[in-house]
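> Sequence order for the protein chains is A and B.
With the working numbering, letter number 75 in the first sequence gets 75, and the count goes up by one each step, no holes.
Just add 183 to the spot in the second sequence (first one is 1) and you have the working numbering.
Since the hints were made in silico from the structure, they are not lab data.
From the three backbone atoms N, C-alpha and C, an ideal C-beta is built for every residue, glycine too.
Accuracy of the hints is not assured; some may be wrong.
Stated by the list, open to error - What follows is a list of derived Cβ distance ranges for each label pair:
hint, chain 1, residue 1, chain 2, residue 2, range
1, B, Gly238, A, His177, 38 to 44 Å
2, B, Leu252, A, Ala178, 52 to 58 Å
3, B, Cys214, A, Glu124, 37 to 43 Å
4, B, Val269, A, Ala179, 22 to 28 Å
5, B, Phe279, A, Lys121, 26 to 32 Å
6, B, Val192, A, Arg152, 44 to 50 Å
7, B, Ala274, A, Gln64, 51 to 57 Å
8, B, Val192, A, Asp46, 39 to 45 Å
9, A, Glu4, B, Gly209, 34 to 40 Å
10, B, Gly242, A, Glu124, 24 to 30 Å
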Amino acid sequence: MMSESEIIAACLRGAEEDFKFLVDLYHGSLLAAAVNILGNREDAEDVCQETFVQVYRNLSRFDQARSFKNWIFTILYRRSLDLLKKKRRFRSAFARAKYEVFPTGAVIPGNPCGKPGLSRKFLEHLSPKERTALTLWANEGFTAAEISEVLRCSASTARVFLYNARKKIKALLEKSHAAFEMD
Amino acid sequence: MRHSRWISVVYALLPLNRWKDVLLRGHLEKCPECAARIASREEVRRILVQAGDLGDLGGLWPAVRRKILGAAFDKFAPQRPAAFPVWRWGAAAAGFLGAAFLIFALVRSFQTPPAYGGDALEFRSPEFQVHYVNIDNEPARTVVFKPVDSHLVIVWAERNQ
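Chain B extracted, bound-state conformation (with noise of 0.2 Å):
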């Protein structure tokens, strides 16, 4: 007893069906032990209702010949055009596409460092940082001040001479 109710915590506490499939085939169908505490196949008929208990069965078929009878003379009428053609998965796709597009373009807009007089910065966050500074495509001789205890940055540039 107390060996089927180990296996039966253990089979509970399998995250997956195929895992606690191994387990099925290789002991709790096989076990005797395990194997009384589910449910035979007898036992299982004697709840189900069967074919037998559900009496006259004879009014479904003029009901089903009238509904196929119907399908029959639908056959000429047009055919329903499919519920998700083709051509919309392909609208679907380029409208998505489109729209990660119009997303990328707005974060790269927003990402793109401010011009000042032709220079070139790139900011890189949390910290400020100058790659380099150009004043007509020349690089610039550029000294950055960041004073102690504040945020504020002062970016001098000059034109090398």
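In isolation and in its complexed conformation, chain A is listed as follows (with noise of 0.2 Å):
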């Protein structure tokens, strides 16, 4: 198994093929980062291949000194804030978008309503920039630091997003587990 820096250098080289490895490698993480972000299987999948493509075209660019994961990560929000740039309203988005993430219907696990698609009516509440900080903090174990360097803001900020986002979070948990146990 190559390790990131020698698929790197191997793409540099022009060894097209060894970015497959790459992307089995980040794939996964990225979408489900897409998906929070954007609430939409279709939009994240479309903002992933253009995260990696992007990614391809300026490795060159990419400073080896620095963290590969932190820089795909800035990418794919960058795209993200993109989209959602270019669907104008944030809201009128969210609002169509298409939840297809459990096309078995499967239950959430640890869902408190064990219903399919509930975390979009928590995420809803969040701003993107909220919802990428809970997405890396929470899936890819990210420092506010390391957040900060994707939203491209101070730590501080970070911290503060990330604070707002997980009270937000429990206030909802809550509310949901209390109309739950009235039900």
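Got two chains here, separate frames each, mind docking them using the hints?
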């Protein structure tokens, strides 16, 4: 198994096929992050594809002293924001979003109500920056400093985004639990 | 409970993220009562979509491959110029400076006192003032009449004998 830096070096030498290893390595986590940010699998797949193409085209500009994971997530975030801007109004985009991430109708593990698509109801209360911070923190284990590099803000601001998102999620979870118990 | 509500109010009132961050690190992340009011990593993970929830991921590589192979061929295509090259910044700066100079010149032309037989008058708003009057480059004897209850100002200047 080639290491990340070996794959990058091979791609820079012109071995396009080796880029598949990077795609395989990051595809799942990037797609999950994009779905969480955009709320729509189709858009998320488009953004993932654009991200990988942009990564390939700009591989020579990548500073190998920095984290590749951080760089690729930064590109994904920028592409996601571009898509949201294209759709002009985020709320209308989210209202139109179709959640197709659970095609078998599987129950989300640990979901208090056990209904697929419930996560959308939580996530639509958060801004794109809050959703990005939350996804990177919870799914990828990013620190506030790493999140701040992706969001291009200070570490303080990233911590505030994350705190606000976690607070909103907690309040929504408690509300959802209360509603579930009343039913 | 009341304690964490007060802290939440203080947090909401702080205008700068930097100050909020100080409160976050100094108290909110350490106090168990306040920490209970924010979702843990596990709780957040339960509502977020994970890579494992996405099912088949096989379709992306062929599409990416097609595009990057296209990109490889594009390397032989002529390079597109930068979206906003340096000379455009220079042109924009020069245009801005030219416009600023034009506006400055126009404003100054409106402020220049009207010439009157070689006299140099200087007006100052809102009151009328005459600093000096020259006739043939010699200081003239000048009298200013300002009738009461009138906006009329009469300046009488005569050559010094």
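> Now tell me if each hint is right for this structure.
Consistency of the hints with the structure:
Range check, B/Gly238 to A/His177: about 28 Å between beta-carbon atoms, so the 38 to 44 Å window is missed. For B/Leu252 paired with A/Ala178, a C-beta distance near 54 Å keeps the hint of 52 to 58 Å intact. Against the hinted window of 37 to 43 Å, the Cβ-Cβ separation of B/Cys214 and A/Glu124 comes to about 30 Å, which falls outside the hint. Taking the beta carbon of each, B/Val269 and A/Ala179 are about 59 Å apart, not inside 22 to 28 Å as hinted.
At about 50 Å, the beta-carbon gap between B/Phe279 and A/Lys121 misses the expected band of 26 to 32 Å. At roughly 30 Å, the beta carbons of B/Val192 and A/Arg152 sit outside the given window of 44 to 50 Å. A C-beta distance of roughly 37 Å is found between B/Ala274 and A/Gln64, which places it outside the suggested range of 51 to 57 Å. At roughly 43 Å, the beta-carbon separation of B/Val192 and A/Asp46 lies within the given 39 to 45 Å, and the hint holds.
Taking the beta carbon of each, A/Glu4 and B/Gly209 are about 37 Å apart, inside 34 to 40 Å as hinted. Under the hint 24 to 30 Å, the C-beta atoms of B/Gly242 and A/Glu124, about 27 Å apart, fit the expected range.
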